[in-house]
Amino acid sequence: MTEYPRPAEGSWPPMEAPGYGSTRKRHALHPPVRIPHTLTETSAPKFTPAAYPAHADMSVHEGQAAMGERIIVGGRVLDEDGRPVRGAMLEIWQANAAGRYHHIRDRHDAPLDPHFAGSARVFSDEEGRWQVTTIKPGAYPWGNHPKAWRPVHIHFGLHGHGFAQRMITQMYFPGDPLLPLDPVFMATPDAAARERLIAKFDLDYAVQDWALGYRFDIVLRGRNATPMDDKH
Amino acid sequence: MTTTASQTAGPYWHIIDHPEWADLLRDQGDAPGERITVTGQLTDGDGAPCGDAMVEIWQAGADGAHDAGFHGFGRCATDDRGRFNFRSIKPGPVPGPGNSLQAPHITLAIFARGLMNHVTTRLYFFGEPHNQADPILALVPESRRPTMLARETAPGIWSLDIRLQGEGETVFLDI
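Sequence order for the protein chains is A and B.
No gaps in the numbering here: position 105 of the first sequence is 105 in our numbering, and each next residue is one more.
No gaps in the numbering here: position 147 of the second sequence is 1147 in our numbering, and each next residue is one more.
The reader is advised that the hints may include incorrect statements.
Claimed, not checked - Far from chain A, by Cβ distances over 12 Å, these chain B residues were calculated:
hint	residue
1	A1031
2	W1058
3	A1062
4	A1065
5	R1113
6	E1128
7	D1161
Said to hold, decoys possible - Computed beta-carbon distance windows for the label pairs:
hint	chain 1	residue 1	chain 2	residue 2	range
8	A	A148	B	D1027	36 to 44 Å
9	A	A206	B	P1155	53 to 61 Å
10	A	P141	B	E1020	28 to 36 Å
11	A	A206	B	A1048	40 to 48 Å
12	A	I104	B	N1085	40 to 48 Å
13	B	A1048	A	N144	13 to 21 Å
14	A	R105	B	R1026	24 to 32 Å
15	B	L1025	A	R129	53 to 61 Å
16	B	R1026	A	H37	23 to 31 Å
17	B	L1025	A	E3	29 to 37 Å
18	A	A192	B	E1034	44 to 52 Å
Stated by the list, open to error - Listed next, the stretches of chain A that the computed footprint assigns to chain B, with coverage defined by at least 3 CB atoms under 8 Å from CB atoms of chain B:
hint	stretch
19	103-111
20	122-135
21	186-198
22	202-209
No lab work stands behind these hints: they were computed from the structure.
Note that the structure is predicted; figures quoted are calculated from it, not measured.
Note that beta-carbon positions come from the ideal geometry of N, C-alpha and C, so glycine has one too.
I would like the entire structure built from these sequences, with the hints used as guidance.
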C-alpha cells in the first residue's frame, strides 16, 4: 500500500502567482476540497511501450539531424523515500535551438527546424532511470511583461503508479541569467525547491566527441507505507 | 526526499497531443458497458473559453475496476470554444474507504497555461442512485455539488462544464 503525502509547504508554486498574468483568471477562488485517497487516486493507467511506443531521440527527425547543441538528458524517477519508480511514463516536449516550438500558435520570429519536432516519450527502468537525446532548446520571448523571455527549459509530464502522482513540470538549465527574472520559475517560494528544477551539468551522461550531458532527477509524491523486506 | 515542484504545461503542450486518445474505445471497442460521450466547456473567471487546455480522464470500467480490463485513460485538447469531448463507457461503482461504495465517477485532471499545478475534479452522473451515499460527494458542500454532476443532454451524452474561477466555480479536489 502506498500513501501520497501532500507537497511540503512552499515546495510547490501557488495557483495564484501575481507575476504570471495567465494565473489571474484561471486560479480557483475556493480552496480545493480535501479528500481521502481511494482506489481512484491510488491506481493509475497502465502505460506500456507496446501501447504507447517510446522514442528517446529528438535530435534526429525523418532521418536528418536537428540544428543546435546535441545533449543527453537523463536521470531517475524516485518516490519520497528515494526508491525508484519503475515503469513511469515520461512525456517530454520543448522548443528548438532557436527558441521556437513546432506549434501552430507559436508566432515567435525565430526559424523552425524541419528536422526537429520536439517531443519524446520514455519509460523509467528497474532503477527508475530514463534518458533522452535532444538539442539544447533556446530561450524565447513571451507577452507576460516588457522584455519577458522564458529561461531555457524542457517540459516533462510524469505518469506514475497512482493518479495522485500525475504531474507536469519544467526542467531548467544551470547558470541561466533569465531564471531570477522568470515569474513561472520564481513562483515556487522555497529556494531549494526551485533549485531542484535545475538540471545538473553531468559528464557521466556525456558521450565522447558527440554530446554533453545533464542530469534531472524527478521525485514523485508517495512513499512506501510498508517497509521493504530486510535482506540482512 | 521532497517532491519535484509542478510547473505549468504552458500553451504548447499539443506537441505531445494525440487526438485519438480522446476515444477510449479506439482499441477496446468490445469492452462491456454502456457507451457514453462525456463533453463540456472549460471557461475562466470571465466566462471566456479556455481553448488551450489539456483535459485528462481516469475511470473504472463497467465492473468498477481500474485498468483490470478496461483502459480508462483519455486525453482531449479543448477546442477554440473551450470544449472537450470523450467517447467512453459508463464506469461502475468503485469500492470506497471502509465498506463504502463510490458512485460511478470519472476523474478529470486539467492542465493549461496559467495553471501552476493541474486541477482535479470528479464527474458524477446526475440521477444515479449511488450518488446519495458517495463518500467523496458527501465532503462537498451540498450547494456546490451540482458543479460535479453531469447531465444527460441526449441519450448517452453526458455534459459537464468546468468553470475555473468565479460564479459557478467547479469544486476542485485536493487529492
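Evaluation of the provided hints:
Residue placement check: A1031 of chain B keeps its beta carbon more than 12 Å from all beta carbons of chain A (closest about 14 Å). Taking the minimum C-beta to C-beta distance to chain A, about 5 Å, the non-interface status of W1058 of chain B is violated against the 12 Å cut. Every CB of chain A lies more than 12 Å from the CB of A1062 of chain B, the least distance being 15 Å, so the non-interface label holds. Non-interface status of A1065 of chain B relative to chain A is broken: a Cβ of that chain comes within 12 Å, the nearest being about 8 Å off.
Its beta-carbon lying about 5 Å from the closest one in chain A, R1113 of chain B breaks the requirement of being farther than 12 Å from that chain. Residue placement check: E1128 of chain B keeps its beta carbon more than 12 Å from all beta carbons of chain A (closest about 16 Å). Listed as a non-interface residue, D1161 of chain B keeps its Cβ farther than 12 Å from every Cβ of chain A; the least gap is roughly 15 Å. Under the hint 36 to 44 Å, the C-beta atoms of A148 of chain A and D1027 of chain B, about 43 Å apart, fit the expected range.
Against the hinted window of 53 to 61 Å, the Cβ-Cβ separation of A206 of chain A and P1155 of chain B comes to about 60 Å, which satisfies the hint. Restraint check, P141 of chain A to E1020 of chain B: a C-beta distance of roughly 33 Å satisfies the suggested window 28 to 36 Å. In this structure the supplied range 40 to 48 Å holds for A206 of chain A paired with A1048 of chain B, their Cβ-Cβ distance being about 47 Å. Roughly 20 Å separates the CB atoms of I104 of chain A and N1085 of chain B, a value that falls outside the hinted 40 to 48 Å.
A hinted range of 13 to 21 Å holds for the C-beta pair A1048 of chain B and N144 of chain A, which are about 18 Å apart. Between R105 of chain A and R1026 of chain B the Cβ separation comes to about 26 Å, which falls inside the hinted range of 24 to 32 Å. The beta-carbon spacing between L1025 of chain B and R129 of chain A, approximately 35 Å, falls outside the hinted interval of 53 to 61 Å. Restraint check, R1026 of chain B to H37 of chain A: a C-beta distance of roughly 29 Å satisfies the suggested window 23 to 31 Å.
With their beta carbons about 34 Å apart, L1025 of chain B and E3 of chain A fall inside the hinted range of 29 to 37 Å. A beta carbon spacing of about 49 Å between A192 of chain A and E1034 of chain B agrees with the range 44 to 52 Å that was offered as a hint. Here's how the stretch 103-111 of chain A fares: 3 of its residues keep a CB closer than 8 Å to some CB of chain B, so the rule of at least three is met and the hint holds. For the stretch 122-135 of chain A, the stated coverage by chain B is violated: 0 residues have a C-beta nearer than 8 Å to a C-beta of that chain, whereas at least 3 were required.
Counting residues of the stretch 186-198 of chain A whose beta carbon lies closer than 8 Å to any beta carbon of chain B gives 7, which meets the minimum of three for the stated coverage. Against chain B, the stretch 202-209 of chain A contributes 0 residues with a C-beta closer than 8 Å to a partner C-beta. That does not satisfy the three-residue criterion, and the hint is violated.
Hint violations for this structure: numbers 2, 4, 5, 12, 15, 20, 22, all remaining hints satisfied.
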